[in-house]
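Engineer: Sequences listed follow chains A, B, C and D, in order. The first sequence stops at residue 329 when you use this note's numbering, and every number in between is there. The second sequence stops at residue 329 when you use this note's numbering, and every number in between is there. The third sequence stops at residue 363 when you use this note's numbering, and every number in between is there. The fourth sequence stops at residue 363 when you use this note's numbering, and every number in between is there.
Among these hints, one or two may not hold up.
Simulated crosslink set (EDC-like; lysine to aspartate or glutamate; CA at most 20 Å straight-line) [said to hold, decoys possible]:
hint	chain 1	residue 1	chain 2	residue 2
1	B	Lys255	B	Asp204
2	B	Lys318	C	Glu292
3	B	Lys255	B	Asp282
4	D	Lys222	C	Asp261
5	C	Lys295	C	Glu44
6	A	Lys159	C	Asp360
7	C	Lys222	D	Glu110
8	B	Lys254	B	Glu232
9	A	Lys255	B	Asp281
10	A	Lys254	B	Asp281
11	B	Lys254	A	Glu232
12	A	Lys317	A	Asp205
13	D	Lys222	C	Asp226
To be clear, the hints were calculated from the coordinates, so they are not data collected in a lab.
So you can see what is in the structure, the chains are spelled out below.
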Amino acid sequence: MAMKTLIEAISEAMDEEMARDERVFITGEDVGPRGGVFRATMGLIDKYGAGRVVDSPLAELSIIAIGIGAAMAGLRPICEIQFADFIHPAMNQIINEAAKMYYRSDGQWPVPMVIRAPYGGGIGGGLYHSQSLEAIFAHVPGLKIVVPSNPYDAKGLLKSAVRDPNPVMFFETKKGYRLIKGEVPEDGDYTVPIGPVNVLREGDDLTVYAYGIMAYYTWQAAEQVADEDGIECEVVDIRTLLPLDREGILESFKKTGKALIVYEDNLTMGYGAEIAAVLSDDGFEYMDGPIKRLAGPDVPGVPFSHPIQEAFMPNPKKIAAAIRDLAGY
Amino acid sequence: MAMKTLIEAISEAMDEEMARDERVFITGEDVGPRGGVFRATMGLIDKYGAGRVVDSPLAELSIIAIGIGAAMAGLRPICEIQFADFIHPAMNQIINEAAKMYYRSDGQWPVPMVIRAPYGGGIGGGLYHSQSLEAIFAHVPGLKIVVPSNPYDAKGLLKSAVRDPNPVMFFETKKGYRLIKGEVPEDGDYTVPIGPVNVLREGDDLTVYAYGIMAYYTWQAAEQVADEDGIECEVVDIRTLLPLDREGILESFKKTGKALIVYEDNLTMGYGAEIAAVLSDDGFEYMDGPIKRLAGPDVPGVPFSHPIQEAFMPNPKKIAAAIRDLAGY
Amino acid sequence: MTEFVTVDTRVDGALSGERPSDNLTEEQLLDMYWSMLISRRVDERAWILHRQGRIAFHISGIGHEACQVAAAYAINRGVDYIHPYYRDLALVLALGVTPAQFMVSLFGKEGEYSSGGRQMPSHFSAKWLNLLSMSSPVATQVPQAAGLAFAIKYKIEQGMQDPDDESLPRLALTSLGEGSTSQGEWHEGLNWAGVHSLPFVCLVQNNIYAISVPMEQQMAVKNVADRAPAYGMHGVIVDGNDVLACYDVMVDAAQRAYNLDGATLIEAKTYRPVPHSSDDDDRSYREREEVEAWKKKDPILKYQNALLERGILTDELLEEYNARAKETVDEAMRIAEETPWPDPAPHLHPNSVYAPNGLDWKG
Amino acid sequence: MTEFVTVDTRVDGALSGERPSDNLTEEQLLDMYWSMLISRRVDERAWILHRQGRIAFHISGIGHEACQVAAAYAINRGVDYIHPYYRDLALVLALGVTPAQFMVSLFGKEGEYSSGGRQMPSHFSAKWLNLLSMSSPVATQVPQAAGLAFAIKYKIEQGMQDPDDESLPRLALTSLGEGSTSQGEWHEGLNWAGVHSLPFVCLVQNNIYAISVPMEQQMAVKNVADRAPAYGMHGVIVDGNDVLACYDVMVDAAQRAYNLDGATLIEAKTYRPVPHSSDDDDRSYREREEVEAWKKKDPILKYQNALLERGILTDELLEEYNARAKETVDEAMRIAEETPWPDPAPHLHPNSVYAPNGLDWKG
Ligand SMILES: Cc1ncc(C[n+]2csc(CCOP(=O)(O)OP(=O)(O)O)c2C)c(N)n1
Ligand SMILES: Cc1ncc(C[n+]2csc(CCOP(=O)(O)OP(=O)(O)O)c2C)c(N)n1
Ligand SMILES: [Mg+2]
Ligand SMILES: [Mg+2]
């Protein structure tokens with residue numbers, strides 16, 4: 001095992017999948033010589049050529065549509081959207097097309113493609129370089145949605161995504177790209193299955209659900225409240241948001257009876273709403289307190305100005321406070 | 001008062017607002033001589049001219065963007081999207097632009113516009129003429145979202161929408177256009193405020209939350225179970241989905257302690273998730289049973305074939321059954 | 001970078017040099033006639049079924065048969081990719097979808113060929129013919145077809161496909177109406193086709209209306225093909241009611257694609273003599289005289305007369321064809337009626353939503 | 001329907017007839033020089049601040065000053081609508097945004113002029129100048145600007161506005177980079193402008209790169225303006241580093257708009273001699289020689305030399321201007337530093353999200 005950053009793990013996954021399968025190609029803005037604005041595809045054009053690492057025109061819907069067409073023709077596109085905030089022009093292609101193709105053709109036309117997009121705030125990106133988009137897409141049957149929280153999962157899940165015969169949206173915490181480090185097997189082709197949630201930390205007092213960088217922050221907060229207050233949280237990293245592992249979600253709740261859901265996206269209709277809905281129905285008999293959500297406020301975006309941004313974003317401190325509140329219920 | 005269909009009420013609202021305010025204009029596909037494919041704008045071009053009832057090119061993002069630009073310049077656009085299913089090309093303009101404009105300019109540029117779109121299934125429309133889109137937009141702070149269930153509300157809410165200084169999405173149940181009839185004041189300029197929920201029927205046993213045609217069906221089901229089983233449901237018509245009237249939602253729940261949420265959209269991350277999340281947090285201490293959702297299954301669309309469509313759609317019978325189940329909890 | 005291409009105005013019939021259609025055998029010429037005729041008859045029956053209240057919806061290809069059948073015959077049928085639009089009934093029948101399959105789809109009966117009855121009629125799909133699956137939002141197929149064409153070029157360039165292997169798709173053809181070219185999807189799709197010089201053909205069936213909206217409220221050009229230069233594409237205008245003229249330009253475009261010599265935008269000028277769909281009433285937006293005038297230019301009539309004149313078609317043959325068409329349609333109807341309604345359960349099951357893990361899709 | 005417009009290639013300087021710029025007074029000529037200079041100096045200071053780690057981000061207008069300042073001076077400044085893009089620093093300063101306001105925005109300090117500090121720097125907005133609010137997704141402003149132009153024409157046609165009233169906006173100008181023309185938003189916006197012959201001007205600042213992606217991977221035409229005919233728009237190509245040439249074509253376009261005579265697409269050929277933004281490193285995608293060659297064509301240098309040659313600018317004046325520029329920038333910096341950080345609360349309050357009920361917005 002070697003220590004890798006999140007983005008290194010992601011780059012490695014793409015590199016290995018391209019080496020493994022000639023059908024895999026990458027397209028997106030600046031993915032070629034520039035190596036992507038976050039450098040996730042750095043060096044791949046030198047290794048695999050401009051035919052397989054294709055700088056697209058500045059046109060997101062076409063990036064996705066080219067991917068859909070190529071996937072139906074048997075290739076394995078990895079489409080990079082430079083920032084998740086710019087995925088909206090492609091929503092028609094993703095929601096009405098990629099997600100519905102297999103179903104609408106009664107299985108005739110699968111769409112095996114991956115859509116990678118850096119998401120999330122806290123990097124001074126303002127309204128349009130900070131968005132979380134998972135909630136909207138989590139309402140779209142036919143998509144799979146993955147949001148890894150650590151390098152091991154990121155690499156293993158991305159490889160699974162490339163091999164999955166369905167459209168997989170792969171959201172990457174850009175704030176965590178270089179911040180989050182972790183062990184990744186030195187070599188050897190491992191995958192992490194798309195589907196099951198992952199318990200990052202066991203505990204009996206309450207369950208905190210999160211994904212992406214919020215799972216990372218939650219784990220930090222959980223360690224802190226364990227140290228300082230003796231509160232033992234179970235931290236469930238949802239990882240695959242769609243299709244949701246309902247049993248996995250419920251299992252922990254049956255033990256603790258208390259749930260906090262953390263996400264940085266706007267509160268209302270954010271992904272935590274679905275977790276709360278599942279728990280308050282299937283988990284009703286285990287409920288031992290209100291289902292709490294800690295999320296971004298309902299304003300149209302993450303503000304740029306530093307103090308406002310900080311006030312917007314959940315962080316380990318706010319999470320710890322929410323844990324203490326709920327534990328004390 | 002006169003009996004009107006839902007669509008008549010909607011047409012009247014537009015007619016009266018155009019007569020009242022020269023800034024109001026309509027654009028969309030086939031809204032001119034054709035009067036809209038559902039005939040909502042029938043006759044308006046004769047009355048107000050082709051300058052105010054403007055057949056757009058077949059291009060939804062431009063319909064919305066023209067509306068945004070015109071609204072910022074002081075007009076009052078009513079943009080018609082022919083079927084909600086075709087709004088996706090405009091999601092960038094709605095989510096990233098219309099919704100965020102006022103906030104991103106610190107109040108410099110309001111966007112007073114209305115986006116009308118017929119939604120919903122049960123009319124043999126298959127995957128692309130049956131969609132419910134409210135859940136996705138309900139996650140977008142800056143938008144207001146209205147879904148009327150009856151002619152009186154439809155007319156009054158649409159007039160409020162035209163006068164609202166914000167972008168208002170107005171979803172119209174196309175199945176209910178001619179099916180749902182109700183009393184509408186003969187003349188006299190009334191409005192219904194955007195915001196508060198409306199209790200359609202009082203009851204102590206449990207609360208059913210719904211909107212649009214599902215509120216209409218729910219009311220029918222509630223009458224039936226009252227007659228047949230003596231179960232008294234409170235039926236809360238949410239009407240304004242964003243911003244949500246949290247107090248209005250909670251008020252009924254505090255009385256009944258049991259909630260069923262009905263929507264025809266896909267279950268997962270549908271609008272009912274947010275209601276469940278609100279109730280299981282702020283309403284926890286009143287909970288007297290699991291929060292139940294009755295919704296469309298998680299398949300990518302409403303199928304065309306009649307028996308499959310029927311199996312997909314919630315209807316009064318299924319709602320009554322869900323009410324009985326919950327009442328018996 | 002492809003050079004601009006000036007627009008070729010074959011609509012005036014000013015064809016010079018050898019015409020590919022000159023090489024069509026009598027049998028082929030008659031096959032094409034049959035394809036147009038059977039499509040028309042199936043289509044007419046659908047209107048009748050709708051009027052009888054037996055089906056809920058029909059959207060028609062009447063009037064568009066010439067350019068569609070020409071397209072099917074000019075390419076490698078059943079092998080090249082076709083990403084069609086809802087008016088392409090003649091195209092998909094010429095490709096190999098059967099009248100019975102289409103009839104079943106009108107009802108949404110069990111085992112419906114394109115979607116298992118999940119989609120509305122005329123939302124074609126037939127993997128076995130490399131006919132792609134249609135949605136309703138217009139123009140979405142255009143950039144996807146560029147993606148199919150991209151894959152063809154990719155496979156050739158990466159040594160995964162022999163460029164001359166006729167058992168594999170060598171072009172992607174997509175079609176749509178003139179109104180749909182207002183969509184950003186069209187712009188972005190054609191832009192890719194031009195930038196990457198893809199084996200791509202875009203067939204715009206210009207019937208001068210998008211439901212009720214006429215050309216001049218749709219675009220500020222006289223011809224859709226006038227936009228080809230904006231994408232470095234070859235642009236052609238053709239009389240869309242003249243099947244052989246359409247065949248000529250389609251063959252030309254197909255050859256260009258097979259040679260990886262650039263993408264082509266074909267504008268077929270035609271007309272829809274019937275309402276937009278069974279939900280439409282076209283009297284609100286166009287004069288009856290206009291409709292009647294166009295009916296005189298009917299593509300089937302036109303071709304029929306040409307073939308009669310050339311002695312390829314005879315009155316007996318014509319009678320035989322009409323009888324065969326009626327039989328075929330009756331038989332298709334019988335099959336559709338006898339087909340049972342589907343059991344909803346599998347169509348609402350999660351397994352219907354996702355392709356199974358481990359499926360190694362090869363296209 | 002507007003007729004096609006052949007592209008005018010003023011890039012070669014082949015101007016004939018009277019040039020609007022011939023009528024500019026010396027004062028106006030010097031004002032324009034000052035506008036270019038102050039923008040450059042503010043911009044350079046922003047780069048320094050970033051290098052010093054005092055600000056987090058800067059996106060630059062360096063190299064683009066000529067076409068931007070020309071645009072500001074050719075229209076009815078502060079009255080006509082401008083829907084800009086992030087590189088338009090010189091344009092917005094020439095319009096009336098102050099260097100201090102811009103400096104405050106670099107930090108996101110309290111009361112920031114465009115968004116209260118909610119947006120990243122260079123996301124301009126100034127209602128009092130009819131400068132519209134920018135987002136980051138490229139090209140979204142284009143169809144919105146068509147909407148602004150639509151409103152102008154609407155008000156005139158409905159008798160709500162006197163067409164000659166210069167106190168009201170009579171055109172909408174929007175600008176963007178060449179890469180952004182690949183977006184469907186651009187297509188749909190220009191299509192409206194053409195169909196409705198709107199008082200609309202689209203200024204494409206073609207610096208031949210979209211971040212790292214060069215023209216030839218972006219479009220299959222040599223000039224963006226080659227696409228104007230596809231929209232029934234007037235198309236013009238101009239040397240974007242020649243402020244007076246830009247002024248000439250801008251005046252022409254503005255007059256056309258004021259006369260409701262049609263929409264114009266202007267392509268200003270220019271270059272970005274600096275990285276795309278402070279996050280970029282342009283060495284991975286272009287040769288230093290190319291950058292150096294373009295630096296020789298710097299628009300300020302070019303204009304300065306022309307003015308010196310004509311005796312309008314003198315060495316003393318130049319020195320004075322430079323001193324004044326330094327002072328202005330220093331003062332702007334001082335103000336920015338002294339401005340406090342904002343209190344987050346009002347920016348996260350629901351009241352910040354929705355315009356209040358009852359507001360009767362008049363634009
Ligand atoms: C994105 C989208 N918007 C609206 C519609 C509704 N609609 C269906 S067909 C049509 C007109 C299409 O006109 P055109 O492209 O000219 O094709 P034609 O039907 O004339 O062959 C419209 C508006 C749609 N299907 N998709
Ligand atoms: C929809 C969208 N996609 C991607 C981006 C990221 N991005 C910002 S600027 C830019 C390049 C723009 O190039 P061009 O239009 O040529 O303008 P220039 O920066 O060269 O002036 C890109 C890709 C964006 N802002 N919006
Ligand atoms: Mg048409
Ligand atoms: Mg550029």
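Engineer: Does each hint fit the structure? Answer for all of them.
Structural biologist: Cross-check of the supplied hints:
1. B:Lys255 - B:Asp204: 7 Å, holds
2. B:Lys318 - C:Glu292: 51 Å, violated
3. B:Lys255 - B:Asp282: Cα-Cα ~14 Å, so holds.
4. D:Lys222 - C:Asp261: Judged against 20 Å, a Cα distance of about 18 Å means the pair holds.
5. C:Lys295 - C:Glu44: 15 Å, holds
6. A:Lys159 - C:Asp360: Measuring from Cα to Cα gives roughly 14 Å; hence the hint holds.
7. C:Lys222 - D:Glu110: 53 Å, violated
8. B:Lys254 - B:Glu232: 15 Å, holds
9. A:Lys255 - B:Asp281: Satisfied, since the Cα-Cα distance of roughly 19 Å is no more than 20 Å.
10. A:Lys254 - B:Asp281: Between A:Lys254 and B:Asp281 the Cα gap is close to 17 Å, so the pair holds against 20 Å.
11. B:Lys254 - A:Glu232: 32 Å, violated
12. A:Lys317 - A:Asp205: With Cα atoms ~19 Å apart, A:Lys317 and A:Asp205 stay inside 20 Å; holds.
13. D:Lys222 - C:Asp226: 17 Å, holds
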